[in-house]
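So the chains spell out like this:
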Amino acid sequence: MIRRLKRLGVSFVLLIGILVVLLSGCTSGNQSGSGETHKTVIEYWHVNAQTQGGQAVDELVKDFNAKSKDVKVVAKYNPDMYKGLMQNLQAEKAAGKSPALVQVGWAYLDYFSNNFSYLDPNDAIAKFDPKNKSFLKENFLPNVLHLAQNKKGQVGIPYSLSSPVLYLNKDLLKKAGLNENGPSSWQEVRQFADTIKKKTGNYGLYVQEPADTWAQQALMLSNGAQIITKKGKAVFASKEGIEAYQLYQDMVVKDKSALHLPWDQGVDAFVKGKVGMLYTTIAQMSNVKAGAQFKVSTIPSPPFEGKEAKVPAGGSFLAITAQSEDQQKAAWEFEKYLYSRQSMAKWTEATGYVPPRKDVAQAKDGLKDYIAENPMLKAALDQMDKAVPWTSFPGNSGLQAEQIMIDSRDKILGGSGSVSKTLKDAQQQINQLEK
Amino acid sequence: MPENKMEWRRIIWHLVLIVFVLVALFPIVFAVSNSFKGLSESYNSILQLIPAHPTIENYKTIFTSLPLYQIIINTFTVATVVTLFKLVTSYLAAYAFSFSHFFGDKLLYFLFIATIFVPFTVTMIPNYLIISRIGLLNNIYGVILPQLCDATGIFLLTQTMRTIPKSLIEVSRLDGVKTVGILRDIVFPLTRPAVISIGIMFFINSWNEYVWPTLILKDRANFTLPLILQMFISSEGGTNFPIAMAISMVTMFIPLVLYLFFQKYILNTFSQSGIK
Amino acid sequence: MSVISKKWISYLFILPSLVIFAVFLIWPGIYTVYLSFLDWNLISPTKRFVGLQNYLSLFQDPTLYKILMNTFVYIVILLVINCFMPYLLAFVLEFVIVRGKKLYKKILFLPSIISLVVGSMLYVWILNPVSGPIAIIFKKIGIDLPTWSSTSGLVLVVLSLITSWKVFGYNFIVLLAGVSNIPSGVIEAAKLDNIPLHRIFFQIVLPMSSATGIYVLIMTIVQGLQYIFTPINVVTQGGPNYASSNMIYHAYQQAFVLYKTGQSAALSTLTLLLFTILLFLEFRFVERKVYYAGK
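Residue numbers (the numbering used here), protein chains in the order written: chain A, 1 to 435; chain B, 1 to 276; chain C, 1 to 295.
Treat the hints with caution; some may be incorrect.
Taking lysine-lysine pairs in the DSSO-like style, the calculated list, with each CA pair at most 30 angstroms apart, reads [stated by the list, open to error]:
hint, chain 1, residue 1, chain 2, residue 2
1, A, Lys421, C, Lys66
2, C, Lys140, A, Lys289
3, C, Lys7, B, Lys5
4, C, Lys140, A, Lys199
5, A, Lys131, A, Lys174
6, A, Lys364, A, Lys131
7, C, Lys140, A, Lys256
8, A, Lys230, A, Lys307
9, B, Lys166, C, Lys7
10, B, Lys60, A, Lys289
11, C, Lys47, A, Lys93
12, A, Lys421, A, Lys197
13, A, Lys175, C, Lys140
14, A, Lys72, B, Lys60
15, A, Lys239, A, Lys411
16, C, Lys66, A, Lys198
17, C, Lys191, C, Lys102
18, A, Lys289, A, Lys174
19, A, Lys256, C, Lys139
20, A, Lys97, A, Lys151
21, A, Lys62, B, Lys60
22, A, Lys199, A, Lys254
23, A, Lys231, C, Lys47
24, C, Lys139, A, Lys289
25, A, Lys62, A, Lys151
26, C, Lys140, A, Lys197
27, C, Lys66, A, Lys424
28, C, Lys139, A, Lys295
29, A, Lys254, C, Lys66
30, C, Lys66, A, Lys256
31, A, Lys230, A, Lys386
32, A, Lys76, B, Lys60
Please keep in mind that the hints were generated in silico from the structure rather than gathered at the bench.
Required output: the full structure, derived from the provided sequences and hints.
Put into structure tokens, the structure is as follows:
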């Protein structure tokens, strides 16, 4: 009896399985059958996770598809951020295909433009939208446009700009008897962190450590160091660069006032009130705001004493990778929609990125009300004039150069070897890579 | 041995096992608990396992913002097709390897088993190129295709079949029973427990598969469950932990139900004659 | 002797597996070996033949030795946690504790049905050294947890633990099955002779369940190294400074993060070679001495 029951159970599961397979076969068949054939269908590849603008992308695409007469956009989410998208793009190219519009991270500017064929947005405008010839010039700051340029010209249009700011746990600062308005230089950050550690037992600072060295570059730049020369030679192991990293290493290794952890764990620690200051992208704003049960504020990225703050622009630009003319035309139509004031405002609210377009922040149909409600964004907006391109190491070994930077960061923060030796070795290694 | 000493020893070992049980269960309990918390609560009352303000908002969010039913069906399809094919192909191959000698049998068996030792990085790039060339990119059948047979399955089934006394089969052969008859009436009933436990292993592994589907599937409507988890983990904007936990619960749900439904059976088959 | 009536039936039965293996495993394997002699970035139309250059730069890179060492350490840790410990516990449960066997089996098997991506993510939160639940509890009794995810050595242990969470239960069940196949009379007799438990385990149980033991051993090494890919990818991406990378993850990173297809293929080929040696050793020395119950 039990035996028979078991057998029944097994066949039942198998049956369900087969039914599901058949069903899904049917549904997917239907889907492919009911496509709207008269519209040009283009693919937009993006990297925005559901909690980080993905929802907004869906809504924007839906709205655009409803409005547009002849273009239908299919948005495709690529897991694993810009790296993941690049991988998928590689694979797509290997298969002889390409999407129409892609979102490219700044660090991949050089790699992307060397390896994929794209349409210069200036050419796209001249070809498909000659009436709007000065669209780029009118709507974007020159230093912002410059972010998406290589030697040959404009690769794409800046889409999301992220900027590093210093988040403050005001309650912890107060408890440690510190000025709640925060430190005004990195040297002061060190003092603050040390005081927090000694007075409250919590960590003083966490600087983001993802699989890039964006924040660490900001530190070096803000001490007047240069990362690479115009010709693409690495020069970051200068006196200023070493000094900046030395201060950072001292905090982690000597004072033990700064945390050395992967990004998500570090941010988690700050939001749970275990760290006094957090140096990370403005895009974390809504996450911090939603989770923090203490008074939190942001201040612009500090400089070193007597130097000027500089912030490398993070985020991404959009590039047209469509190959046929009708696809390119459709891609531009969609791109133009994405860069409209309303779309930009919606995008900023969903992501916390700084809008690349000039007029969005102040406009009533832009972000005016939003900024009033979210003063934390102001720190990032205020430092936009200090934005410089994020170093994209030239040549095909650019990604490897970035990896060397990451490795030396980990060596330095791990406390093994001196800062100057590690940085000099890294610099030499990068300069020896084949271009 | 004195009874007393034996009793003490038992208690100590029970304690050791209880530690293992706690380690095994804690993450699951933690996931359940957090999937019913709001973001702020999950950040701030970490040690509280029972949510102070339980909410089903996280589940609502994922069911409204994603084509979740379609994704569940996709996952089910992949797991079912892969499991059925793997079972059939492994079973046939194992049968041939166990009960006959033919030219190159040893070498082929060795070759098949050797594929267990091939790390997935070795085949990843070329397989990707194959799938994209035959146009199965962004299609669940592209995920399925390279996985229609399984060396572990062949190995385990061959091991099992080799324990069947040859005489049993030789007798029926002498009685004039054909290959199909032997397979159906003698070998299959004897190996059924192994087939089922291996099948469940296939199903669960395929259900949870992550790396290969990320390479193949691009469109959310074609995703499988483990892939959508990634959509709620964003280093850039912070991970929404409670929502990610809600997705984890959905991902766990079907293997869990399968397990609870068949647990006695699964565990028994492993214990009685599963793998030798 | 041969039981299948006609030779062609045997071939027919093997054909489906053979075709799939040939297309999706063997050919790709050969192609990867071929790629290891080329300089290619996965998409560029030109593949440059560079001979042994990829292998040379692989062996000149100190990272390789670090990763080989990590791979070895991972194997040792995984063997202890996922092969030796479940073996011991299976023995204890079968012959010492006896009671509660079913319940323990049920619960310990549970994690093995859960996705490792989920598991990794959970553990990143639970084990957060500053703000996770464990850290908070320890803090209350005055202990600061080390920042394991950025400490070399420790990071290997924790990532192995995460992997073990998933793998342990399955191995445990399989080993329990193997152990329980040993006739209990043998053990009872040994107990009556007052042979200490550790000797029963090493001298009776291990040899008499060796077929299962070897299977779990091999699977722990081969699959464990591949399973560990997921926690590496989710938690550390191989860092800090390759302290948590292994051969599999490094090959992935070279190919799909840095687009050094040739380097990656060379590393994969090397991995393949090492695994082949392992396989050879298994077939040569172990397979023959194995005790198969019922044979």
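Checked hints:
Between A:Lys421 and C:Lys66, the direct Cα distance comes to roughly 20 angstroms. Compliance with the 30 angstroms bound is thereby established for this hinted pair. The straight-line distance between the Cα atoms of C:Lys140 and A:Lys289 is roughly 27 angstroms, inside the 30 angstroms bound, and the hint therefore holds. For the hint linking C:Lys7 to B:Lys5, the alpha-carbon distance of about 61 angstroms lies beyond 30 angstroms, and the restraint is violated. Distance check on the hinted pair: C:Lys140 and A:Lys199 sit about 17 angstroms apart at the alpha-carbon level, within 30 angstroms; holds.
For the proposed pair A:Lys131 and A:Lys174, the alpha carbon gap of about 57 angstroms is over 30 angstroms, so the pair is violated. The straight-line distance between the Cα atoms of A:Lys364 and A:Lys131 is roughly 26 angstroms, inside the 30 angstroms bound, and the hint therefore holds. With a CA separation close to 20 angstroms, the supplied pair C:Lys140 and A:Lys256 stays within the 30 angstroms bound. At most 30 angstroms may separate the alpha-carbon atoms for a hinted pair to count; A:Lys230 and A:Lys307 meet this at roughly 21 angstroms.
Restraint check for B:Lys166 and C:Lys7: satisfied, since their Cα atoms lie roughly 18 angstroms apart, inside the 30 angstroms limit. With a C-alpha separation of about 22 angstroms, the suggested pair B:Lys60 and A:Lys289 falls inside the 30 angstroms cut-off, and the hint holds. Proximity of C:Lys47 to A:Lys93 is assessed by CA-CA distance (about 15 angstroms); at most 30 angstroms being required, the pair is judged to hold. This hinted pair checks out: A:Lys421 and A:Lys197 have alpha carbons roughly 29 angstroms apart, not beyond 30 angstroms.
Among the hinted pairs, A:Lys175 with C:Lys140 is consistent with the structure: their alpha-carbon atoms are about 20 angstroms apart, no more than 30 angstroms. For the hint linking A:Lys72 to B:Lys60, the alpha-carbon distance of about 28 angstroms falls within 30 angstroms, and the restraint holds. As the CA atoms of A:Lys239 and A:Lys411 are separated by approximately 19 angstroms, the hinted pair is consistent with the 30 angstroms bound. For the hint linking C:Lys66 to A:Lys198, the alpha-carbon distance of about 37 angstroms lies beyond 30 angstroms, and the restraint is violated.
Annotation: proposed proximity of C:Lys191 to C:Lys102 holds, straight-line Cα distance about 23 angstroms (limit 30 angstroms). Taken as a hint, the A:Lys289 and A:Lys174 pair is honoured in the structure, with Cα atoms around 19 angstroms apart against an allowance of 30 angstroms. A distance of roughly 17 angstroms separates the Cα atoms of A:Lys256 and C:Lys139; the hinted pair therefore holds under the 30 angstroms criterion. Restraint check for A:Lys97 and A:Lys151: satisfied, since their Cα atoms lie roughly 26 angstroms apart, inside the 30 angstroms limit.
The hinted pair formed by A:Lys62 and B:Lys60 meets the criterion: a straight-line CA distance of about 21 angstroms does not exceed 30 angstroms. Distance hint between A:Lys199 and A:Lys254 is fulfilled; the C-alpha atoms sit about 17 angstroms from each other, no more than 30 angstroms. Annotation: proposed proximity of A:Lys231 to C:Lys47 holds, straight-line Cα distance about 27 angstroms (limit 30 angstroms). A hinted pair counts as satisfied when its Cα atoms are at most 30 angstroms apart, and C:Lys139 with A:Lys289 qualifies at roughly 25 angstroms.
Under the criterion of a C-alpha separation no larger than 30 angstroms, the hint pairing A:Lys62 with A:Lys151 is inconsistent with the structure, at around 36 angstroms. Of the supplied pair hints, the one linking C:Lys140 and A:Lys197 holds, its CA atoms being roughly 17 angstroms apart against a limit of 30 angstroms. For the proposed pair C:Lys66 and A:Lys424, the alpha carbon gap of about 21 angstroms is at most 30 angstroms, so the pair holds. Taking the CA atoms of C:Lys139 and A:Lys295, the gap is about 23 angstroms. The hint holds against a cut of 30 angstroms.
In summary, the hint linking A:Lys254 to C:Lys66 is supported, as the alpha carbons are separated by about 26 angstroms, within the 30 angstroms threshold. As the CA atoms of C:Lys66 and A:Lys256 are separated by approximately 27 angstroms, the hinted pair is consistent with the 30 angstroms bound. About 19 angstroms separates the Cα atoms of A:Lys230 and A:Lys386, which keeps this hinted pair within 30 angstroms; it holds. This hinted pair checks out: A:Lys76 and B:Lys60 have alpha carbons roughly 23 angstroms apart, not beyond 30 angstroms.
Hint compliance for this structure: hints 3, 5, 16 and 25 are broken, all remaining hints hold.
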